[in-house]
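Q: So the chains spell out like this:
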Amino acid sequence: MKSKRLIRSGTLYIVLVFLSLLFLAPFFWMVTTALKSPDELYMFPPKWFPSSWQFENFGKAWNSQPFNTFLMNSVIVTFLTTIGQIVSSTLIAYGFARFKFKGRDFLFMVLLATMMIPWEVTMIPQYMEFNYFGWINTLKPLIVPAWFGAPFYIFLLRQFIMSIPKELDEAARMDGANSFQIYYRIHLPLMWPIIVLIGVFNFLSSWNDYLGPLIFLNDQSKYTLTLGLAQFNGMYDVNMEGIMAVTFLISLPPLILFFFAQKYIVNGVSSTGFK
Amino acid sequence: MNWGRLAPYFFISPWIAGLLLFTLGPLLFSLFISFFDWPIVGEKTFVGFSNYATMFTDDPLFWHSLWVTVKFAMLFVPLNIIMSLFLAILLNKKLKASSLFRTFFYVPSVISGVALAMIWGWVYNGEYGILNYFLSLAGIEGPDWLNNQKWALLAMVIASLWGQGTMMLIFLAGLKNIPKDLYEAAEIDGAGKVYCFFKITLPLLTPTLLFNLITTIISAFQQLTLALVLTGGGPLGSTYFYAMYVYENAFKYFKMGYSSANAWIMFLIVLFLTMLVFKSSSAWVYYENEVKNSK
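Residue numbers (my numbering), protein chains in the order written: chain A, 1 to 275; chain B, 1 to 295.
FYI, nobody ran anything at the bench for these hints, they're computed from the structure.
The structure displayed is predicted, hence computed values, not measured ones.
Just to be clear, a hint being listed does not mean it is correct.
[Stated by the list, open to error] Rough simulated footprint, nothing fancy, chain B against chain A, three-plus residues with beta-carbon under 8 Å:
#1 32 to 42
#2 83 to 97
#3 109 to 116
#4 141 to 152
#5 187 to 198
#6 243 to 256
[Unchecked claim] Here are some chain B residues pointing at chain A (derived, C-beta under 8 Å):
#7 F11
#8 G18
#9 F22
#10 V47
#11 G48
#12 S50
#13 V107
#14 M118
#15 W120
#16 G126
#17 Y128
#18 L224
#19 V229
#20 M256
#21 M275
The beta carbon of each residue, even a glycine, is placed where N, CA and C say it ideally should be.
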């Protein structure tokens, strides 16, 4: 009986390791390519490890384009959208979770329904709208909408707030707190785990966004990192090792963030109520 | 005026404003401009349903891109569901290292679509890529994936599957919510693994399956970044997705009215498919309380 179980878990491990290799091999290939010298790049069969590690590839590739500027733009956009999402989504979720008002359930249905609208449909009028505001070729179209809340985050937060005991609110109200103070002093601190989750999700989607910057930005000085990376494709004087080096550098912040936040991501997904 | 009555509206007001400014307003405006011939510079002219008529009767690219997208979805949706369910089931087994493996499988999902495209472009390289190297170990001469009309779309499917760990996590959450005592009871009755899977796991997982099915269909129809960066729709239009058709009509040919009509057709298709899945769901989705009630 025991040996049977051992064989079973052994097989499971072998399958999992094999699948992990499938998932990780492209990454590994990216990193080693980034460290190769040009003459080792184009070899078949490919060399898995470079014979001399070319760490200067990273600097060279980074400086082949104004990546410092792109980084700055990405940091600004990611930071400001994340703050915006947290402030607005928590306020809105609190409103939906803790009050009875005319039209609440209808409005909440509308909120859920808007998650289904493909971005392509609203993309053109949004472009015209931002053009009218004079925002094209600025970072504003990428930042400002985030300050009006995102349905998915609002939904997550509302579910969470509804699980906070109402007695807490009532006790605070007895002590003379108003609605905003209850939100600010009681709910906001309790919401912390979901706020971290939203922060991570928003960081990832904002940092990784390509279509938004592609449509709203024309001028290289306004580009974000993803646009800068995509631009490599059309260039003739850049080698694969440079492209892979920059790909690696751009992927590093999301990977590090994920490493520290994976607990929240996994728990967050479990708490969304997919039973 | 009673402040207490207005308070909730104060809290949700950012969302209401955003809805009008960035979602509902643009949505209706998009419908409005779809009835116009509207180049980005110059006057707009009302053309009625002519944009829609042109699309269906006089624009081979419309049918072509739609067909490419349907082919992609028919491959991607089932493969994605099966793969993420399979991974979730493996990770749900009691193992010490399962959180480590979960991380491995999820890692590609945190990377930007552009970075994914760059990495896969190199993996798929016909002469020096590792994919063809692995195939050569098995004695197969691989194609030049992204420059081969026959293989480029499949290459897109594989690359898209790689970055879909979220679905796996959602399945995993669903699996963890299935009460253990159901399996124990079945085992006492002498039920085998296969029986348990089809009679317990799958039925109780159907609500999760429904959610994943709908989001996968929607994401399949919106697929754009990968093709935009990797192939530009080529070779010979074999990866020219519908979303790319919408994008190019708007921002390459500046036919704003026409492109809005394209986008609305896409919206209607996605809506139709979602409704279809929803309607069919009453036949195959089981909710826990139903199971309890029928006992």
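Q: Each hint: holds or not?
A: Quick rundown of the hints versus the structure:
1. 32 to 42: holds (count 3)
2. 83 to 97: holds (count 6)
3. 109 to 116: holds (count 4)
4. 141 to 152: holds (count 4)
5. 187 to 198: violated (count 0)
6. 243 to 256: Contact hint for the segment 243 to 256 of chain A vs chain B: holds, 7 residues under 8 Å.
7. F11: holds (3 Å)
8. G18: Holds: closest Cβ of chain A sits about 3 Å from G18/B, inside 8 Å.
9. F22: holds (5 Å)
10. V47: Because about 16 Å separates V47/B from the closest Cβ in chain A, which is outside the 8 Å limit, the hint is violated.
11. G48: violated (19 Å)
12. S50: Status violated, d = 18 Å.
13. V107: Cβ of V107/B sits 7 Å from chain A, so the hint holds.
14. M118: holds (5 Å)
15. W120: For W120/B, the interface hint holds, since the closest Cβ of chain A sits about 7 Å away, which is under 8 Å.
16. G126: Violated. Min distance 10 Å.
17. Y128: Constraint on Y128/B satisfied, holds at 5 Å.
18. L224: For L224/B, the interface hint holds, since the closest Cβ of chain A sits about 7 Å away, which is under 8 Å.
19. V229: holds (5 Å)
20. M256: Because about 6 Å separates M256/B from the closest Cβ in chain A, which is inside the 8 Å limit, the hint holds.
21. M275: violated (10 Å)
Of the numbered hints listed earlier, those contradicted by the structure are 5, 10, 11, 12, 16, 21.
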